[in-house]
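Asker: Chain B: place on chain A using the hints.
Here is what each chain is made of, one letter per residue.
There are 2 protein chains.
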Amino acid sequence: MKIHGYFRSSAAYRVRIALNLKNIECDTVLVNLQAGDQSSPAYRAINPQGRVPALETDDHILVQSLAIIEYLDETSPSPPLLPSDPLARARVRGIANIIACDIHPLNNLAVLNYLRDDLSVDEENRTRWYQQWVRQGFDGVEPLLANSSDTGKFCHGDSPGLADICLVPQVFNAQRFNCDLSPYPTIARIFDACASLDAFDKAQPSNQPEAAQLG
Amino acid sequence: MKIHGYFRSSAAYRVRIALNLKNIECDTVLVNLQAGDQSSPAYRAINPQGRVPALETDDHILVQSLAIIEYLDETSPSPPLLPSDPLARARVRGIANIIACDIHPLNNLAVLNYLRDDLSVDEENRTRWYQQWVRQGFDGVEPLLANSSDTGKFCHGDSPGLADICLVPQVFNAQRFNCDLSPYPTIARIFDACASLDAFDKAQPSNQPEAAQLG
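Those sequence lines, one after another, are chains A and B. As numbered in this note's numbering, residues 1 to 215 make up the first sequence, in order. As numbered in this note's numbering, residues 1001 to 1215 make up the second sequence, in order.
Quick caveat, the hints were computed from the structure, so don't treat them as lab data. Some clues are possibly wrong.
Said to hold, decoys possible - Derived DMTMM-like pairs (lysine to aspartate or glutamate); straight-line CA-CA distance at most 25 Å:
1. B/Lys1002 - A/Asp27
2. A/Lys153 - B/Glu1124
3. A/Lys2 - B/Asp1085
4. B/Lys1022 - A/Asp85
5. A/Lys2 - B/Asp1150
6. A/Lys202 - A/Asp27
7. B/Lys1002 - B/Glu1074
8. B/Lys1022 - A/Glu74
9. B/Lys1002 - A/Asp85
10. B/Lys1002 - B/Asp1027
11. B/Lys1002 - A/Asp59
12. B/Lys1153 - A/Asp59
13. A/Lys22 - B/Asp1150
14. B/Lys1002 - A/Glu74
15. A/Lys2 - B/Asp1139
16. A/Lys2 - B/Glu1142
17. A/Lys22 - B/Asp1085
Unchecked claim - Listing some non-contacts, in silico: residues in chain A with all C-beta distances to chain B over 12 Å:
18. Gln34
19. Glu74
20. Arg176
Cβ coordinates follow ideal geometry from the N, Cα and C atoms, glycine included.
So here's chain A without its partners, still in its complex pose:
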């Protein structure tokens, strides 16, 4: 199994965490997003959308981080990344999707480049854009976490799962873009709890082999 990814991609970062939590060995293939590798014919043949990550099995290629993580959870069920009860699963997926649908895609590299190159948006306004969607999304996530007895040490109970896997790379990037996280004490507490785990730490951008060279 091979994962095509890039150290700074939040979506690849999510899959790295899931692989680590499940202790799955997986080779990594670097797709250098800054150099434009994602648009090469070779990579488009792997993933026609030209995004990372893509998971290559013996005879299939899977795209989209959440689809990949659900696949890993279904084929390597221990430890589970989703609870077993349908209402609880919907809660976890709801939190994960606020981040994966309504924050992250608005702030990814392709969008920030489009704002700069096609709409001539200056750096200050690009940063404000970034912060706007983090705030809009975290304003939704924080009360879901703070006001529910389902929240434990992590987003759902006392084991890390899909929601934490989405939350951590998003907080990590929000810090890079100087987002004010003081209104989100529950998010911050869970981020710290995750950061202390090896599976999350090893998945960090700065701990990837290409970081020293490209960072």
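Answerer: Chain B alone, transformed into the frame defined by chain A:
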């Protein structure tokens, strides 16, 4: 069970299709996005993110359309909206997520309003923005559909499922924004196949009770 939605919301449209496919009775509560109902304290108490749809059960509120649809599929399994094989499930979720993560959130009302009001982007450039993300996403979806023997009458085999549920509202909106869909013959063919089904037709924005008044 009540669904909080709005006739023009793609995400609410997805959930309406899923409910219809499964023949689940569900009351609808109108959240008038054009009037700003989503930001009212009353609605924020239901969904702190201020987005539609939200599904209200007897004692829970579920948010995010894909989480809601997976919940409906887990609790009312017939007809299934996902295949049973993990690789096939990942394929369907991958297609669904290209649309639900990488097209739709970039083009929703909150984002288009931000471009207009906060970044002074004119109508022509907002339309170009809209078309850019449809093209970027559909360029990824079309080959996944056209080059796979898993594709049938619908995105996966000959029964409609989660990928079709995401595809149809996206094509519907792409047409509203005059996107050129000629490079996507497989997407167009599947859209037509879905459009001929009652479950999809009844879920259309123009067939919702509020359409006559607000459309």
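Asker: Output the indices of the hints that this structure fails to meet, ascending.
Answerer: The structure conflicts with hints 1, 2, 11, 13, 14, 19, although it agrees with all the remaining ones.
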